[in-house]
Amino acid sequence: MSTFLSRLDPWWLPRALVLGALAFVIFGPLANLLLWTVAEKWYFPHALPLEFGFSYWERVFSPRGNAVESLTNSIVVALLTVVLSLTLAIPAGYALARLKLPLRGLVLLAFLIPQAFPNLTVYVNIARLFYVVGLNGTIPGVVLVHTTHGLVYAVWIATAAFAAVDAELEEAARSIGASGLRAFFDVTLPLALPGLLASAIFVFLESLDEFTGSYFVGAPDVNMLPLLLYTAGAGGNYQIASITALLLLIPSIGFMLVVERFLKVDVLARVGR
Amino acid sequence: MPSLTPQRLLGLFLVLPALAMVVLFFIVPLSASVIGAFEVEGGFMGGLGLDNIIKAFDFYAQDMLFTLVIVSLSTLLIALFSIGIGGYLTLGENPRAVAILRWLYRWPMFIPFIVVGQVLRTFLAKNGLMNGTFVAMGLITPMQATSLLDWRGIVIAFVWKQTPFVALLVAGAMASIDRGTIEAARNLGASRLRILFEIVVPQVATTLLVGMILSFVTMMSVLSVPLMINAQSPTMLTTDIAFRINAYGDYGVANALGLVSLLMASGVALVYLRIAMRERS
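Chains as they are written, first to last, in our numbering: chain A, 1 to 273; chain B, 1 to 281.
Isolated chain A (complex conformation) (with noise of 0.2 Å):
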């Protein structure tokens, strides 16, 4: 008993106070938001739903519902953001750790531009812009703002995840007869997929999450989750508003449950270097 004693650490109780508290601040509102996807109703000062009942969901599915139409645009746009975003990226993050650019640091903080300025405005006169060309209220049009969106991710994890891999290595391959291309797809890019993939789940966030640029480029013509969402919480419907509310959760939960296989802790000390 003694020996047990001595072992407990006096600090148990107060580091046992902060995990809770820090778990109770994280996983409280998102059982609040589970919460009002069961609920039919619910008013204060109750604590807890008066009734709970999925007739919301069959709301939001049902055929005259537009949840599965917006959960489609979603999916496409950011697929199809992924497959852009990289195709530019993966030239670009490999030229800025690997060759000498001149002004390498102003280029890096080029593609930070987009994340550093109130979108709002921007998207206003993209709208305008894009309504010139025919480009407004279709999907190639959402894909472009959000592309240009989440081009740092992209170009700075790129960048980091190619820095990391060892240069020595591609030397080698090439020292022994490898042409430059081979080299760099047999040896670098296989080693900074995990990176790559990383930058490309970043991406698809980014795009999932993207409201302003949807709404302005996008919208009436294209539905996408996160104004339905917001058309849903603003007038008043708790219910829907969390539901899609939770489709949006699944998929960013999902990528935080498996992201650090992805972006290793020596891509991750090169993020923004």
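Note that these hints are calculated values from the structure, not bench results. Incorrect hints may have been included.
As the list claims (entries may be wrong) - Listed next, with one range per pair, are the computed distances between beta-carbon atoms:
#1 Asn94(B) to Gly254(A): 26 to 32 Å
#2 Gly49(B) to Glu69(A): 41 to 47 Å
#3 Pro49(A) to Phe197(B): 42 to 48 Å
#4 Glu183(B) to Val25(A): 29 to 35 Å
Every value quoted in this text rests on a predicted model; they were computed, and no experiment measured them. Each residue gets a CB set at the ideal place from its N, CA and C atoms; glycine is no exception.
Given chain A, put chain B in place with the hints provided.
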């Protein structure tokens, strides 16, 4: 001027498509909005003037300050919590607590801002689960329950969403620093708090700053959170911009407010630029 070697040319060629994307779909409309801020009917040289800027300051000076305070406060809190989380993950001596924290802290990281807005709008409301739990625990009476859906709600939402991201970056950088100095300081009897702030944090300062800057500019641009949590005055500039366009179709003042946000964000971006340049040299 360095000469253009074939390698530099290839590099430029590889970066150009991505850069063109940013120029075409961001810099061009951004310039249009900056010019739009100075466009007035019958102004100088066929329509330039300061009317929109003056109007923006007349109507929204309070919201400009409000935005700056909220975003700065959130950034500061994010940095503090990130150092705390990263520090415990690096220096914590109870393996089980470290494992629990590592599993716990990342949950909100990838949750979209619009979902964060909805989730916290339900949680922080008067009849939300937060007040419900406090009442059930006997900490407050139902009469004392207050809604946090004002500036506090916005700060909580920002910190809730952004801390995991910065903490992940910071913890990653902390994990890759040399354990030798930490062990040496520990053997000399330095407390863990002292090791954290005198040895660990200075070595990850660049990563921490990058995370803070990214968070600052991200939060400056978020429309959904202030719109969903607190759209009444005083509120954030993003809400005002949306309001100017939706209610009045007033692109001039909206662009002027956008310009103000741009100036705030570029101040922070300049800090990043200086760090990047210093590391280059």
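Hint by hint, here is what the structure shows:
no. : hint                              : verdict
1   : Asn94(B) to Gly254(A): 26 to 32 Å : holds (29 Å)
2   : Gly49(B) to Glu69(A): 41 to 47 Å  : holds (45 Å)
3   : Pro49(A) to Phe197(B): 42 to 48 Å : holds (46 Å)
4   : Glu183(B) to Val25(A): 29 to 35 Å : holds (33 Å)
In summary, the structure agrees with every hint in the numbered list given earlier.
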